[in-house]
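Chemist: Sequence:
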Amino acid sequence: MDRNTTLHRGVVSSSFGIAAVLLLGALSACTYRGQIDRPFTQKATWFSYLNGDDIRARCQPGSGFEYRLIYNGRYDEQIRSYEMVDDGAGGARLTARVQEGIGIDVTKLSVTNPLKKNAWTKAERVLTTDERIQFEKALEASGAGRATSEGLRLFSGEFYWLANICHDGVFVFNAWRYPSDRYGELKFPELLLAMDETGVAFNPPRFIPAAERIQANDSHPDRREYNTTFNVEVGENGLKGAAGKI
Numbered sequence: 001m002d003r004n005t006t007l008h009r010g011v012v013s014s015s016f017g018i019a020a021v022l023l024l025g026a027l028s029a030c031t032y033r034g035q036i037d038r039p040f041t042q043k044a045t046w047f048s049y050l051n052g053d054d055i056r057a058r059c060q061p062g063s064g065f066e067y068r069l070i071y072n073g074r075y076d077e078q079i080r081s082y083e084m085v086d087d088g089a090g091g092a093r094l095t096a097r098v099q100e101g102i103g104i105d106v107t108k109l110s111v112t113n114p115l116k117k118n119a120w121t122k123a124e125r126v127l128t129t130d131e132r133i134q135f136e137k138a139l140e141a142s143g144a145g146r147a148t149s150e151g152l153r154l155f156s157g158e159f160y161w162l163a164n165i166c167h168d169g170v171f172v173f174n175a176w177r178y179p180s181d182r183y184g185e186l187k188f189p190e191l192l193l194a195m196d197e198t199g200v201a202f203n204p205p206r207f208i209p210a211a212e213r214i215q216a217n218d219s220h221p222d223r224r225e226y227n228t229t230f231n232v233e234v235g236e237n238g239l240k241g242a243a244g245k246i
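Residue numbers (the UniProt record's numbering): 1 to 246.
Please keep in mind that the hints were generated in silico from the structure rather than gathered at the bench. Worth double-checking, as some hints may not be accurate.
In silico lysine-lysine, BS3-like type, Cα no more than 27 Å apart, as pairs [as the list claims (entries may be wrong)]:
id : residue 1 : residue 2
1  : K187      : K43
2  : K245      : K187
3  : K122      : K137
4  : K122      : K245
5  : K245      : K43
6  : K137      : K187
7  : K122      : K43
Distance ranges between label pairs, derived from CB positions [stated by the list, open to error]:
id : residue 1 : residue 2 : range
8  : R125      : G184      : 22 to 32 Å
9  : I208      : D37       : 23 to 33 Å
10 : N231      : P39       : 15 to 25 Å
11 : F40       : A201      : 25 to 35 Å
12 : A210      : V126      : 41 to 51 Å
Just so you know, these numbers come straight off a predicted model, no measurement behind them. We put the CB at the ideal spot given by N, CA and C, even for glycine.
Using the sequences plus the hints, can you model the full thing?
Modeler: Here it is in structure tokens:
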């Protein structure tokens, strides 16, 4: 099946015929323009990265497809990022990144290099045309082109997927929070993990008690000194608000 047919008909649905423009001045001090691997870039531009601001800016007719899928496996435990870019030959270039926090891998703590725990494990590979088409079908089957309910709040201490999709010059944002019926419909994570060559095991979602979420959001400095706690709120086609710290 032609790549323009696969996604244009399903993932980029008519409900997203016109990409929304979102001003992120209230979301982040800086707009993401690349180099997420650098710790200070991540800290300053994480909300912009989640919102796909750089992809939005590049998403023009004829620009080729570009997908960014982000897994928040409790931010202080694990985050995963997958960036898939048109290679101009029918396939795609896939960059997989995984960052584990002190909640999982204490070996990443270092006295001589305190930023080591923030380092990404990175792997790159080229996808064939068949692999790219298979992934796009999984993205479509996951409902990536259906509008996410405006007002959905995503907490850093929970589990969720975000998608930034540029196809045929149209940008689409989507989100899936665990547990939910929509999260249960996801098809693309299995494919991404199978293509992931980082060697870092997936941190699967689990139930987080409401009391733990409330405590983690507590603004008392003694409770938040060593933890990353933030919330983001989903708007019509992107993030429209954020609170907390990276």
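Chemist: Out of the numbered hints, which ones does the structure contradict?
Modeler: Of the numbered hints, 1 and 2 do not hold.
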